[in-house]
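Asker: These are the residues of each chain, in order.
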Amino acid sequence: MAETKVLERKPLSLAERSNLPQIVSGLKTTVSHMFRKKVTLQYPEVRPTLPEGYRGVPTLVHDPHGREKCVSCQLCEFVCPPKAIRITPGEIDPEAETAHVEKAPKEFEIDMLRCIYCGLCEEVCPEEAIFLQDVYSMTGYSREEMVNNKEKLYELGGTLPDHHYKWDKKRAAEDAAKARGYAHS
Amino acid sequence: MELVPLLLKILYAAIMLVVVLTIAGYSVLIERKVSAYQHGRIGPNRTTTPFIRPIPVIGPLLTRLGIIQLPADGLKFLFKEDFTPPYVNRPFFWAAPLIAFVPSLAVIAVIPFGQYTSPLTGEMIPLVLAPMDLGVIFVLAIGSLSVYGVVLAGWGSNSKYSFLGGIRSSAQMISYELSLGLSIFPVFLWMNAPGSDAGLSLSSVVEAQNTMWFLITCPLSAFLFLVGIFAETNRLPFDMAESETDLVGGFHTEYSSFKFGLFFVGEYGAMAVGSALFVLLFLGGWNFLPFLANPWPAGWIGSVLSVLWFLVKVVGMITFFVLIRWTLPRYRFDQVMKLGWTVLLPLAIANLIVNAAAVAIHDLW
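Here the protein sequences come in this chain order: A and B. With my numbering applied, the first sequence has no gaps in its numbers, which climb one by one up to 614 at the end. With my numbering applied, the second sequence has no gaps in its numbers, which climb one by one up to 387 at the end.
Treat the hints with care, since some could be wrong.
[As the list claims (entries may be wrong)] Restraint ranges, calculated between C-beta atoms of paired labels, are given here: (1) A:T469 with B:P108: 19 to 29 Å; (2) A:L456 with B:L28: 45 to 55 Å; (3) B:P241 with A:K457: 43 to 53 Å; (4) A:I545 with B:R86: 31 to 41 Å; (5) B:L87 with A:Y594: 50 to 60 Å; (6) B:H61 with A:Y594: 45 to 55 Å; (7) A:P473 with B:L28: 29 to 39 Å.
[Said to hold, decoys possible] Below 30 Å or equal to it, Euclidean Cα-Cα: the simulated DSBU-like pairs (lysine-lysine) are: (8) B:K335 with A:K457; (9) B:K335 with A:K466; (10) A:K607 with A:K579; (11) A:K439 with B:K335; (12) A:K439 with A:K457; (13) A:K532 with A:K598.
Calculated directly from the structure, the hints in this document are not laboratory data. All values derive from a computational prediction rather than experimental measurement. The beta-carbon is built from N, C-alpha and C at its ideal position, and this holds for glycine as well.
Modelling step: build the complete structure from the supplied sequences, incorporating the hints.
Answerer: Set out below in structure tokens:
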């Protein structure tokens, strides 16, 4: 059985009942606030520093060689919870230097009115082609304007460093295999 | 009356009106800036016009201070739709803003705002629109009329929020009127103590405070008057008339556009006039500092300096009004009534009796 402790509540003193000392100490606080450093950020001119791992608008990126990384596998399209992504797969021109990658999106649309910035597309992407970067201000006058097409997505995404050069390695391995007579494709 | 002095009087009155309305308007800016500082914000600092922005140093500075915010806000008010709800009592609804607005401005006629010392004779003339011997009585009488604006607005709007706001604030203003009036009497008792005959005009109060402010000699009066002014101007912590947290907007809930603007300006005008009154009665008006003789030279330079010094004090008081707003929460209605009737009124009466006795004893010595 817990012991109940009865706290004695002292009656207020005359000074406390008059409110005056409280008003004076309150005024001290308000006056000190007058001269405190302001926390306002002058927004359009000064932008906030975003924390590491900030999830902004999803974007598509190129690798440092300028190759578009997306291979239109459509994993992001399938994982996207609000179904904001719509990919039209396309093939890479067989004459192109990166022909061995085989596929690239013909059209890639992200409807920013649907997107919930969850980052699942970035997480699921096997090619590290889609990233939620630091763009946080998406505006438009119409629903159409709020749909980011492929061109816009690459413009927003820019180029990010690549740690693997997966497709270059693949071609080098194929070339090496071919040189040793193990051609398989 | 001859034509030229009459026209001059009208001109002076017009200038005075414009100046007071400007001060009332810019006290809105003071309110917004101080409120912003309390939140750690900067406050209005963007509004500008094409012909102010390009001025080298001053343009950006004025913009940062938000000088243009006032005309921008005012114009915005005028261009809004003036909507009269169908259920209001039209004559009262239309009369209320005027009745709230006019008394706070009529009072400025008797408020002195500076002095002119003649360089030839050394005679000091207070600068005032209407040098009235009964200045203080006039202020109290006209000032108490403004309660009718609130009452009529609350009644004529025919809405529960306005009605409650009107009822609350009429009860509050009438209650605090008593202690407000009584709190000034000791000041005039001391001024008109046997042997001196200063009268009841506001300029003579300032003359009486030439070296010593009444704030120091009658601190309790000053405190009671200050509380009364806060209640009369419906400022926090006595914000019964509006109490936007529980009454939407209080007595002016149903008003829009220009009519609301009149209430708004009237409210801030009352605050400016209340500050001016407190400065005149207790902070020495345009007198420099207590214990120091006025450094104002004779002639026009001196009067300009005295007017500026007076304005500095008034602006300081307005800032104090706003600071109090951010310091104290609103009293509950029953607390307001209790404070007014059981604390302030007895205190004011006791203060009057003690001061009267002190004047009598002072006379015997």
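Asker: Does each hint fit the structure? Answer for all of them.
Answerer: Checked hints:
no., hint, in the structure
1, A:T469 with B:P108: 19 to 29 Å, "43 Å, violated"
2, A:L456 with B:L28: 45 to 55 Å, "47 Å, holds"
3, B:P241 with A:K457: 43 to 53 Å, "20 Å, violated"
4, A:I545 with B:R86: 31 to 41 Å, "39 Å, holds"
5, B:L87 with A:Y594: 50 to 60 Å, "57 Å, holds"
6, B:H61 with A:Y594: 45 to 55 Å, "52 Å, holds"
7, A:P473 with B:L28: 29 to 39 Å, "55 Å, violated"
8, B:K335 with A:K457, "20 Å, holds"
9, B:K335 with A:K466, "26 Å, holds"
10, A:K607 with A:K579, "36 Å, violated"
11, A:K439 with B:K335, "42 Å, violated"
12, A:K439 with A:K457, "26 Å, holds"
13, A:K532 with A:K598, "17 Å, holds"
Of the numbered hints given earlier, the model fails hints 1, 3, 7, 10, 11; all others are met.
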